[in-house]
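So my numbering is basically just the index in the sequence shown, starting at one, shifted up by 1.
Calculated directly from the structure, the hints in this document are not laboratory data. These figures come from a predicted structure and were not determined experimentally. Among the hints, a few may not be true.
Computed list of lysine to aspartate or glutamate pairs in EDC-like fashion (alpha-carbon distance at most 16 Å, straight line) [as the list claims (entries may be wrong)]:
#, residue 1, residue 2
1, K96, E168
2, K26, E168
3, K182, E168
4, K182, E122
5, K96, D143
6, K26, E92
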Amino acid sequence: MDAIKYKLIKKALASPSQRQNIINKGTMFLYCDYAGFVSHNDYGAACCAVYSRTVSITAKKLPIDRDQGSNYGEMQAIVLSLETLSAALLELRPKIAVIFTDCSRILRIIAQDRFAHPHDEQGRNELLAALANLNGLFPEVDVQIKYISKHKKNNYFHRLAHNAAREAAVLPSILASTIMKIGSMHLDL
2 MDAIKYKLIK KALASPSQRQ NIINKGTMFL YCDYAGFVSH NDYGAACCAV
52 YSRTVSITAK KLPIDRDQGS NYGEMQAIVL SLETLSAALL ELRPKIAVIF
102 TDCSRILRII AQDRFAHPHD EQGRNELLAA LANLNGLFPE VDVQIKYISK
152 HKKNNYFHRL AHNAAREAAV LPSILASTIM KIGSMHLDL
């Protein structure tokens, strides 16, 4: 992990509210984010997973050829988080997984019946399919999707996801859809 990521993790350790997420053995916290550079048609999504003294970051360049809006991008970041969680659950056994997004409308979008833009409905359907798949494989894990709201300010895990999404967005197009593990760090506390 590079020095910037290490500094952000060190800052998270110094924050009591974020430190408790690092050492929690019952709940996995996943912070996701989307980044888009419309002028270059470059888009990325990332997830920072925090569980039982381990912080890991995954990211991918999204295979989007034109801007679909931030709601669609954030739904893609949640799908990446669900994929990350599914892979982690092969080894780990949290009872609860909380996915934080900075999409303020996420709960409304998930429950919505009609959409002004077909790509938003497609994104919602992909999210619900990924969630149903995860629940089918691991029904014992309570998966929650939440708006990060006021917890976004000075949240170093969200910052790690944000930075990784920006890095993934500018990767070469040949890497689109490839999930990359940016880094993982186990903390001896």
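What are the numbers of the hints that this structure violates, sorted from low to high?
Numbers 1, 2 and 4, in rising order.
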